[in-house]
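Hints are included, so try docking the two chains, each in its own frame, into the full complex.
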Amino acid sequence: MIQVNNLSFSYTKQPFISHMTFSVSPGEIFGFLGPSGAGKSTLQKVLTGMLTAYQGSAMVNGVECRKRTKRFYEDIGVDFEFSTMYEKLTARENLRFFASLYEKKPRPIDELLEMVGLERDGDKRVSQYSKGMKARLNFIRALLHDPALLCLDEPTNGLDPTNSRMMKDMILAQKARGKTILLTTHNMQDAAELCDRVAFIVGGRICALDSPHNLIMSKGAATVTYTWLEDGEHSASCPLDRLSADGKLKKLISENRLQSIHSSEPTLNDIFMEITGRTLL
Amino acid sequence: MRAIRAGFLQMLVLMRRDMMLFAACLTPVLAGLGIRLGIPFLEAVLTGWFSKPAVLSPYYALIDIFFAMLSPTMFCFVPAMVSLEEADERTAAYLFVTPLGRRGYLAARFGIPAAAAFLVAVVLMPVFRLSPLSPGRILGLAAGGALQGVIIALLIVTLSSNKLEGMAITKLSSLLIFGAAVPFFIRDNAQYLMSPLPSFWIGKAVFENMPFYMLPAFALSAVWICFLLRRYLRNI
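Going down the list, the sequences are from chains G and A. Using our numbering, the first residue of the first sequence is number 880, and each one after it goes up by one. Using our numbering, the first residue of the second sequence is number 1403, and each one after it goes up by one.
Just chain A, with the same shape it has in the complex (with noise of 0.2 Å):
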């Protein structure tokens, strides 16, 4: 345990000296001020412009998907480009040799940022939601924005080999969260070629205030998450 504290508190170091890393940890909040001001606001606006009874709010609880798997995703985002820094400079294989091993440095990396977002998204949707959200509710997106967060991250530090390459896929990969708008949008069966994606069933689960969808969102990151830390191994 000592030693994986240490490779975390080290990944807050180098976070610290990376003002674009630091920035990133607080995109959260200074997102979920601007949902949760702008968004009524700009319904407001556009209901009057248009003469609609509503425009943006059947679409408040997507917009809510996407602020549960917004931080962590910007959580995962940080020691991703920490990880792609060590692999470069190689650091993560001398830190395999240490006690920390790869066991303790995929917890330090990955495994404590995600449980980090996980308690940052549970803090922060009730303040910034724009739907009704249970407390289940809320537990389930954080749980899955924080799977779907890994999942970036591990896609980011498989496909990119610095930094540089690791912003492209990161924009790349946080496409994967828009899974979640498809059925809210596409209600034949078509829907189902986004099922592979953890974010579909997230979306589902909201859209038809099913649960019981999360099973296979839970399950088809654990698929994903296997699959990239087999690949992530192999290359470092």
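Looking at chain G on its own, in the form it has when it is part of the complex (with noise of 0.2 Å):
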């Protein structure tokens, strides 16, 4: 779906982003994780066709995106990290303008409405709706000829915890109807619950790229924290993976002691902060 070979960009004579290389299947959700100013959302614009004056080679459904045409957009839905709509106008009416603009037969959008629980406010001007209901707005947008790859920029920023969950939730559905997804984001949540790979990227390049179980496992094992009592409260931790080699563990399980046992594994974050040194806000 997405093949990337080599891709610099630069806004000044200073490279924003370098030598970048990867590429993304059919069906998958591809996460680009990074502190903001990063280049994620450049690489997301480079991979929309709006920047274009970029070196190496960047294809979307086999275009070249320097070289897209109106076609090129017909496949792809975006969805912006702010709102993009016309805030006079009512959400319907907003729909029926985006899904005008395309060849394909748009998705009914009083489906669309349904599916995001907007079916009630779909005759409201937008300047109305809340944070949560713009951003539900803005998806099914993307949704609305049915594209088979979605961008999506920071999708759950700014949302309270329902919101969010909702539109995890949206986004797995799209999944599971065989969409590709690309996903920017700085929350490493997120893109470990939502992303089957993830690049985690900094000062442009691309530092690490693999499934978030992978990254995880690979940089540090989980570990086993357990405490007991004598004369007072101690407490020790040792590898996951040499349990059975602790002595001390043995001997309080043995004699039923053990005031707690805890195992812990490294968040996303904790590796992204491992491998690039820096935190992802």
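These aren't lab readings, by the way, just hints derived from the structure by calculation. Keep in mind that a hint or two might mislead.
[What the hints assert, rightly or not] Covered by chain A, according to a simulated footprint, are these stretches of chain G (three or more residues, beta-carbon under 8 Å):
id	stretch
1	951 to 958
2	973 to 981
[Stated by the list, open to error] Using 25 Å as the maximum straight-line C-alpha spacing, the simulated BS3-like pairs for lysine-lysine come out as follows:
id	chain 1	residue 1	chain 2	residue 2
3	A	K1454	G	K967
4	G	K1013	G	K1003
5	G	K892	G	K984
6	G	K967	G	K1010
7	G	K1013	G	K946
8	G	K946	G	K892
9	A	K1565	G	K1003
10	A	K1454	G	K1013
11	G	K949	G	K983
12	G	K967	G	K1013
13	G	K984	G	K949
14	A	K1565	G	K1010
[Unchecked claim] Coverage of chain A stretches by chain G, computed from C-beta distances (three or more under 8 Å per stretch; other residues unrestricted):
id	stretch
15	1412 to 1420
16	1496 to 1509
Small disclaimer: the values here were computed from a predicted structure and weren't measured. Beta carbons: idealized from backbone N, C-alpha and C, even for Gly.
Below is the structure:
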């Protein structure tokens, strides 16, 4: 679906994106994970044909992005981080207009509104919508023409937990329908939950690329921490894969003297910090 | 073509909901009526008052030029305001990643309105003219006026970031059309100080009855439009 080879881009004389190479398969959710200003949104702009003055190659649906035509956008749905609707128009009027731009027969507007729980608000002006409602409306606008590729920029940013959950479920539902999804985020929990693979981007470079599970497992083993009472409370830890070699733990178990025991895995954020030396925010 | 048509129709929807923009489209007709009926009446009053054979009539051709530029300016003011709103709401950025794209957007917001302004000017000028106008001159003035309208629209969207600023820039940029008056009032070489303005050459072409001078007007308009388009696309 997407083939990027040795991609570089710069706004000034300084390179902003440097020598990126990766590919995304059909039906995959691929995440760009990195702090603000890392180059994630710029990369999405290249892949959606908004920035064409790049070096290297960026192919989407078999089309080199700098040579895109109108047809290119028939199969791409974009959801920006911010609302991009006509505020004075109703949701239904907005959706009708954007649907009219495509050659394809659009998906039924009522069905889409119902899908995100906006069926009763379809005739309200967008200016009267809450942030969560606008985010949901933006999302279904990207689905109007039933594109094969969805580019989502920070889809859960600023949403309350309920709306965020709803958005993530909608993204997973689109994956189940076979869509390829490019997700740009600095939220490592979203990335770990949604993405099949993630690319860590810092300073315009890909520092690591793998599935969240593999990244977590390859860089840091899970540890087990346990506590017991012996002239006060004590605690000790050992790696999960060396549990049987921990004599103290064995002894405590055999004597039923454990106060508590729990395992902990490093998060994607921990791995990100370990690899890049930076935090995500 | 489908996307461009839809984009243009959307602009009409937005215009219909804004009384100020709707009224702007009626301005050429109202101004035409005022010119056609008011100026000859005023001339009759002034010639009687000053006991002179002519007061305003030597400048009828200049008034015709201003009218030729008024329709496009008003027609291009509307899409400029709509574009400012779209930039503000970021719908313009979204439209660039639809089949409309950048070129389609520019065609829908500036190309079609300029073409419509040209046609309106061609229709209105024979009705409201004050001086004799040949078909060639009508076409030339309408084309020059349409390009002037595009320049003013691009100045508005390039130099302002919201509708309020856009109104102020509209007033300022409309001054550009007064370049047409310079050949009528300044006869020596000082008039060429205004030569970077396309309107100056339109005025010169009419005043000296030299259609050839329309060529620099068109060429300069192209330069202005290219320069402003680049600025606009970089900003948006």
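The hints, checked one at a time:
Remark: the stretch 951 to 958 of chain G is confirmed as covered by chain A, as 4 of its residues place a Cβ nearer than 8 Å to a Cβ of that chain, reaching the required three. Under a criterion of three residues with beta carbons nearer than 8 Å to beta carbons of chain A, the stated coverage of the stretch 973 to 981 of chain G is upheld, 5 such residues being counted. A C-alpha spacing of about 56 Å is found between K1454(A) and K967(G), which places the hinted pair above 25 Å, so the restraint is violated. Between K1013(G) and K1003(G) the CA atoms are separated by roughly 12 Å; this keeps the pair inside 25 Å, and the hint holds.
A threshold of 25 Å between alpha carbons decides the hint, and for K892(G) with K984(G) the separation of about 44 Å lies outside it, so the pair is violated. At roughly 16 Å between alpha-carbon atoms, K967(G) and K1010(G) fall within 25 Å of each other, so this suggested pair holds. Of the supplied pair hints, the one linking K1013(G) and K946(G) is violated, its CA atoms being roughly 32 Å apart against a limit of 25 Å. For the proposed pair K946(G) and K892(G), the alpha carbon gap of about 23 Å is at most 25 Å, so the pair holds.
Restraint check for K1565(A) and K1003(G): satisfied, since their Cα atoms lie roughly 24 Å apart, inside the 25 Å limit. Using a Cα cut-off of 25 Å, the hinted pair K1454(A) and K1013(G) is violated, with the two alpha carbons roughly 68 Å apart. Taking the CA atoms of K949(G) and K983(G), the gap is near 12 Å; set against the 25 Å cutoff, the hint holds. Proposed proximity of K967(G) and K1013(G) is supported: the alpha carbons are some 13 Å apart, at most 25 Å.
A distance of roughly 16 Å separates the Cα atoms of K984(G) and K949(G); the hinted pair therefore holds under the 25 Å criterion. Taken as a hint, the K1565(A) and K1010(G) pair is honoured in the structure, with Cα atoms around 24 Å apart against an allowance of 25 Å. Coverage of a stretch by a chain is defined here by at least three residues with a beta carbon nearer than 8 Å to that chain's beta carbons; for the stretch 1412 to 1420 of chain A and chain G the count is 4, and the condition holds. With a threshold of 8 Å between beta carbons, the proposed coverage of the stretch 1496 to 1509 of chain A by chain G holds, since 9 of its residues qualify and at least three are required.
Of the numbered hints given earlier, the model fails hints 3, 5, 7 and 10; all others are met.
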